[in-house]
Amino acid sequence: MRHMDRVIGTVVGSAVGDALGAPFEFREPGVYAAEFPDGVGEMCGGGGWDPGEATDDTQMAVLVGESLLERGGLDLPDIFGRFQRWAAAEPKDIGLQTEDVLTSGDPWDLAAPLHFQRTGRAAGNGSLMRASTSAVAFAGAGSSASMAAARRIAALTHGDRAAWEGTAILHELVRVALDGEEPQAAVTSVLGDVDANHRARWATVLAPDWHPDEATEFNGAVWPCLGSALWALRTTDTYEDSLAAAIDLGGDTDTVAAVTGMLAGAVYGVGAIPTRWLEALRVPLPGYGDRVLRVCELTSLAEGLAEWRP
280 MRHMDRVIGT
290 VVGSAVGDAL
300 GAPFEFREPG
310 VYAAEFPDGV
320 GEMCGGGGWD
330 PGEATDDTQM
340 AVLVGESLLE
350 RGGLDLPDIF
360 GRFQRWAAAE
370 PKDIGLQTED
380 VLTSGDPWDL
390 AAPLHFQRTG
400 RAAGNGSLMR
410 ASTSAVAFAG
420 AGSSASMAAA
430 RRIAALTHGD
440 RAAWEGTAIL
450 HELVRVALDG
460 EEPQAAVTSV
470 LGDVDANHRA
480 RWATVLAPDW
490 HPDEATEFNG
500 AVWPCLGSAL
510 WALRTTDTYE
520 DSLAAAIDLG
530 GDTDTVAAVT
540 GMLAGAVYGV
550 GAIPTRWLEA
560 LRVPLPGYGD
570 RVLRVCELTS
580 LAEGLAEWRP
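Every position in the sequence shown, counted from 1, becomes a number in my numbering once 279 is added.
The hints are simulated quantities; they were obtained by calculation from the structure and are not laboratory data. Keep in mind it's a predicted model, so treat the numbers as computed, not measured. Mixed in with the good hints there might be a few duds.
Now the in silico label distances, taken between C-beta atoms and shown as ranges [said to hold, decoys possible]:
| hint | residue 1 | residue 2 | range |
| --- | --- | --- | --- |
| 1 | P330 | G309 | 17 to 23 Å |
| 2 | A367 | T483 | 34 to 40 Å |
| 3 | G459 | P316 | 30 to 36 Å |
| 4 | P330 | C575 | 17 to 23 Å |
| 5 | G471 | T382 | 33 to 39 Å |
| 6 | F497 | D284 | 31 to 37 Å |
| 7 | D317 | D284 | 26 to 32 Å |
| 8 | D569 | G471 | 42 to 48 Å |
| 9 | R588 | R281 | 33 to 39 Å |
Using N, Cα and C, we set each Cβ at its ideal position, and we do this for glycine too.
With these hints in hand, go ahead and build the complete structure from the sequences.
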C-alpha cells in the first residue's frame, strides 16, 4: 500500500467516521446494528444532520490543517483565532467545554487554563476528534516532535493534561500506522513517553484486554474515547467493521467513530473506505462563507500536510 493512501485514509477516514456516527449520538448501544441488520451501513442522516454531513470534529480538524499550511508552521494564536471565528458562526454542534473556552474573551494562551481553574473539568475528547490533520502533518518529524505538537494544540481548548497526553498518544499511534506498523503493538513504547502522573490511567484503557464496558466514564471523556477506538480497531479486520463496532457502543458516537476512522484509515488506507460513504461525505465550514469540503478537498489537504515540513 502506498504511504499516501494511508495519509489520505487518516484524514478522510476520520471525517467519514464522524459523519457516519453523528446521527446515532447519545443513543443506546446497538442502534447501528439495529438500523442496518444486513450489515451494510449507510450515511443515513438524522439527529439534525443531513446524510454524510460531518460535525465539529472534522470542521476543527480542517481549520488546524489549513492553519499549518497557510502559516507555514505551528501558529497557535492563528489556530485559536480560526476556532473563534468558527465558534462565533454558531455551528450546529460544538462541545460545551470548547465553546466556553473559545467564547470566554480570554487570550489564546490563558483561555483553557482559566477555564480549567474555574471548573476543574477539561478532560473531554474534543482534542482527540480534531487530530487527524495535525497527526499527518507532524508524522514525518518523528515521535517526540509529533507528540509535543499534539500537546500544544490540545492545550488551546483543554486545560487538563489528561487530554494533552491522550492527543499525544493518538498522534503517535497514527504515526506508526502510517509507517505500516500495528498501532496496538506501539502502546507499550508510547506509554513510556506519557507524563508519569497520567501513565497508569492510560495504560489501563489501552491494554489489549480492555473492553469499553470497563470504562469508568462516559465515552465523551478522553480516556474511554481513545480506548474504545483502539478496541474497535483491534477487534475487527476491516475499516467498515471497525466503525460499526465503534458506533454500536452508543454515547458520543460521532467522536468515537471519528477517532476510530482516523486509526483505521491509517491502517487500511483510503481504498478500504466504501465508495457509498465517500460520495455522500460533505464538510460545511461555518464562519468561512459557503465553503463545503468534499473528498477531493480533504484529499488535497491531506496530501499537502504529508508534504509539509514543520
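For this session: Run the structure past the numbered hints and jot down the numbers of the failing ones, going up.
Result: Hint 9 alone not satisfied by this model.
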